[in-house]
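Residue numbers (my numbering), protein chains in the order written: chain A, 1 to 484; chain B, 1 to 218.
Some, not all, of what chain B presents toward chain A, calculated at C-beta under 10 Å: (1) Thr62; (2) Glu63; (3) Ala68; (4) Ile104; (5) Val185; (6) Cys198; (7) Asp201.
To be clear, the hints were calculated from the coordinates, so they are not data collected in a lab. Note that the Cβ used here is the ideal one computed from N, Cα and C, for glycine as well.
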Amino acid sequence: MPDLRFLSKKEIEDIHTASLDVLEKTGVLVKNYEALELLEKAGCIVDSQVVRIPQDLVEDCLKRPPSSLKLWTREGDRSLSVGNDNVIYNPGSAAINFIDRNTWEMRRAVSQDLVQLVRLVDALKYIQAQSTAIVPSDIPEEISDLYRLYVILKNSSKPIVTGAFTKEGLMDMKRMLEAVVGGSETLTSAPRAIFDCCPSSPLMWSDVTCQNLMDCADHGIPAEIVPAPQIGATSPITVAGTLVQSNAEILSGVVISQTVKSGAPLIYGGSLSSFDMRYCTARLSAIEAMITACAAAEIGKHYGMPTHAYLGLSDSKTVDPQSGFESGLGISLAALSHINIVSGPGMLACENCQSLEKLVIDNEICGTAYRLIEGFSTDISVLAIDVIEKVGPGGHYLAEKHTRENLRKEHFIPSDIICRMTPDSWRKSGSKNALNRAKELTDRLLREHVPTPLPKEADDYLEKVFKDILARYEIPLSKLPSLE
Amino acid sequence: MCEEIFKDLSDAVKNYDEDLSRILANKVIKLGLDPIEALEKGLAKGLREVGDRFGQGEAFITELIAAAQAMEAGAEALNEEIAKRGARRKAIGRCVIGTVEGDIHSIGKNIVVTMLRAAGFEVIDIGIDVSARVFVEKVKDSKPDIVGLSALMTTTMNKQKEIIDALSAAGLRRNVKVIVGGAPVTREWVEEIGADGCGLDAADAVRVALDLMKERHV
Chain A
1 MPDLRFLSKK EIEDIHTASL DVLEKTGVLV KNYEALELLE KAGCIVDSQV VRIPQDLVED
61 CLKRPPSSLK LWTREGDRSL SVGNDNVIYN PGSAAINFID RNTWEMRRAV SQDLVQLVRL
121 VDALKYIQAQ STAIVPSDIP EEISDLYRLY VILKNSSKPI VTGAFTKEGL MDMKRMLEAV
181 VGGSETLTSA PRAIFDCCPS SPLMWSDVTC QNLMDCADHG IPAEIVPAPQ IGATSPITVA
241 GTLVQSNAEI LSGVVISQTV KSGAPLIYGG SLSSFDMRYC TARLSAIEAM ITACAAAEIG
301 KHYGMPTHAY LGLSDSKTVD PQSGFESGLG ISLAALSHIN IVSGPGMLAC ENCQSLEKLV
361 IDNEICGTAY RLIEGFSTDI SVLAIDVIEK VGPGGHYLAE KHTRENLRKE HFIPSDIICR
421 MTPDSWRKSG SKNALNRAKE LTDRLLREHV PTPLPKEADD YLEKVFKDIL ARYEIPLSKL
481 PSLE
Chain B
1 MCEEIFKDLS DAVKNYDEDL SRILANKVIK LGLDPIEALE KGLAKGLREV GDRFGQGEAF
61 ITELIAAAQA MEAGAEALNE EIAKRGARRK AIGRCVIGTV EGDIHSIGKN IVVTMLRAAG
121 FEVIDIGIDV SARVFVEKVK DSKPDIVGLS ALMTTTMNKQ KEIIDALSAA GLRRNVKVIV
181 GGAPVTREWV EEIGADGCGL DAADAVRVAL DLMKERHV
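Next up, chain B with everything else stripped away, as it sits in the complex (with noise of 0.2 Å):
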């Protein structure tokens, strides 16, 4: 029976449908069954199975969306009932993400907040055109494992090295590692504003942000 509505959990996100995922999801609950379970072997194991066909070419950015969003619909009552419980998804990183001040695009932060946390990240989502003070802070307060900056513009993404300033100079910069992300960012650039590293799509993302909490348990 678990297994079976796992599976369908799974099913749905694979044919992007939010209300299927959302209906199986109260279902889960209905029954008792471990929300956390059903969120693992669930919805993230069909938006993973997406992500990796993302990866090889076969599945395009506009189904990885889609299936993220129907694991976000069934998702987000799983949520409520392991809040209720009192439970704790066992998170294998924490992660503060937003798209930096003067930037108001959110698509690819979104989808790389949604396969983060389907990989098993914990990610707190800080929104769009957030200032280098709000980053502080809410760096200082989460005390997260990485820190996320999204920029899509070549005019904005200086943002990311003003925040990264604003970081060091918060005394904060040892504790936490820093993802940049968006179009306009490459290699040179992590390395010319000393970030750790950078996804070049959203698949990517999620690799470097596993390859950075090795580091950081190392």
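Next up, chain A with everything else stripped away, as it sits in the complex (with noise of 0.2 Å):
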């Protein structure tokens, strides 16, 4: 199986004892004053909300999560392994814009847009885990991280990634989800959905995201470790510099986590990007940035931990020839580095806006590196000796049956998407380039698929405990959009 590699063991070495060093002497900063306490209780010196962290107790609390977790579809009926070499694409999260399906434009996203992008999700064969991808902008702020998730329940059975964007948020969420299942303890034995947790770089934790790791500890959530430093801005320009500073944001991650409860489920997450000198924008697309995230899911690994990062976004505004390439070459890097859970498609503009068409061409390109991960046997069956003596010189394979039984084993098959016809056929079908090609297939999806309904019981207890959590708000369901 191809393994890509930029870490010898003993650089990973150098930059944890780095990273140990920076917890122990520079310290993060923490606004959480339970986080603060549970921490000084821990061993750490905590000074004015700075907490310096000994590195036994790093090196202790890194022994405590597991090495992997199961994420389960929302009837329970199948998980993913999140773990090992095993590689989940879901769609680059919350971006706030959207590319019209008619106008090409890119517009302030709504709650529709995020309603199409489930539905399309839940049919996309190798996108195998939906994520809160959009953040409507005609759905009130204070709810929005909820309605995010009461879109997913309705409309898809796959596995979430997701996260809250308020301290209650992740709790509210936590009780959606409930609903849905049946209980808290059928979430906890088999979870639905992982939480984002995102420190600040550099070496930031607000008290939100410090209190939805700590919740997601205290209630055996699966939690994503998701440092964004942008290089050269929030982080050290160097990659080796970026590494020892993400590395020592999840590493106080893991131990504020482990302090809660030991042995709470955690994913060595990043997204990382290039800061650009010229634009002063965040690049995810920089091939450094991605580097880095590939380096970075090493070190993730090497602790025996289940990784994440943000690959298979572009930073290009349009759906062009920049964003194919760009995405192509970040979802090849994470298959090839075996990163687990990697969010990216669908995502253009630096982290800010989905397409839907975008999404459709990502999905392609994830099949085709599940098949480059896939490698290829030499098994003496597959070696072919039999069928080449029986071909001969200037014979043909057409034929054979050979071919016919290894075509679809050995062969990454695509759909139309990838065009593979003569000029010809290419010209009598109309001269449809990609683009257009994936806007018909979005189409036909959207049309014809039709996701699992939500049990009519987990249904209306989910509208229950939806109006409850509003009512708190003193928003009433009837106010948000319809989702039809």
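Using the hints, build the complex out of the two chains.
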């Protein structure tokens, strides 16, 4: 199996040691009082919210999180294994913009875009998990995180990668998940969703994200620790320096989580970008950002933790050759690095925009990437000596049983997103480019795909819980846009 | 009984089973059933179905060829029986087809031949590396409705033009439709050399041939 590596064991250990130094000498700023108390009790030195963490404590906490976890479908009938060499793609998360499906212009995303995206992801074979990919502008901000989860739970069975926007948000979202799966015990033993908890680079935990991380630990919810440093601006300009810092940020999260509850499930994540010194933008598709993301995952694997990265997105502002090239490279590198959760498909414009057409194209790239890392067999049956003998010089293999039998086994057969026609057939079928073809496929999938409906009882319960939570914000469900 | 064995023949083609196709064809003859009916309702029907699936992108060329070979395996015995009975399969039209001089590629031509036969054409396959002179002779002798010129390489496709010119010089061009085929062939090329059509793949070739037959009967 092909396997991409940037770091030797020695280099990883050097980075690890440097991160421990940072945590002990520089420390991290933690803006959550409950966490500060717990950390102090665990042996950290706390000086006006700056927490210096002793190396022994970090080493000890690192031994505790599980090396893999299972992420279940809404119905609990199937699970994805998060860990080892398994790769799971899900859409890039929390875009505020959307590529309009008729005008191709970038505009603010609305709830209907999210509904369509979720239904589309439900239909796409190689995008194995949902994510709360859009922040709809027509939904009140204070309940936006809850609403996104509500839309997914009603429109798809696939496991979910999500996150909360407020301190209370995580527990509310937990209640919604419990309503659907039938109770907190079921949810703890078979989690349906991973929650992103992001430290703020450099070396800070906000009150909200720290609370989310602690709530996850407390309730056995898998938490994905996702630092998002911008190389050169909020982390050192060098790849290695950024790795030292982002690793320290993740390790501080490991300590917070494991101090709350030993053995709480965690994922070693990252949303690495390179700060563009010409346009002052966060370029997630800069080659150095991709290298750093892959190398960071190597460190996570060295710790024996499941890994995550933002890869497969593009900084282009539209679906074009740049978006294809950047996403193709990112999705392939993620596969070759065997990163367990890969967030990015569909995403454009420095993590700020989603496009359904790009998502459909990226799905094809993900399928190709799965094929890439499958490698190939050299068993005697596929060495094909017999069939070479049978066909002989000047013959052909098209009529051979060996060809028919191995075609579908060894070859990824793309959809018509990938044009394989002769120039004439292509012209005859309308001379459509990849974007036109993606639009047609998107239209067809949205028209034809019927997601498994949420069972009546679970649906009623979800409605009740959601209404209950909304009441606290004094927002009636009827005031929100219809999901139909 | 008839219907059952015809369905088995069709299934043998769909399952790419040459041996079974041959066995069933011989059984048809032994039972004294109509070999023409067995060909059309059995073997050809199976191949047309695989051809349709190929057109839809559900079957691949390797499967289409395998199905064609399974049909040929059974058709050999049935055709002998048809000849023995002095009967004739009522053909939609007659085609003469070959690969042009300098080109020894036969895979594409052979699959088109079989597909045309399955569609109900009488096909005279004149092989590979065929000179303009031989094409002219065969057209003169067999009086086909359609002549098919196959070329795989850009270096040999010029021969297609040479053959069309030779047919014109011999005064035969008006009486025969010309289809060109092969990987490098395009619509522009068809117009440039004055052919009547081209098959972009085997299934397309059959469609074009059927269209040209309609034109001839207008």
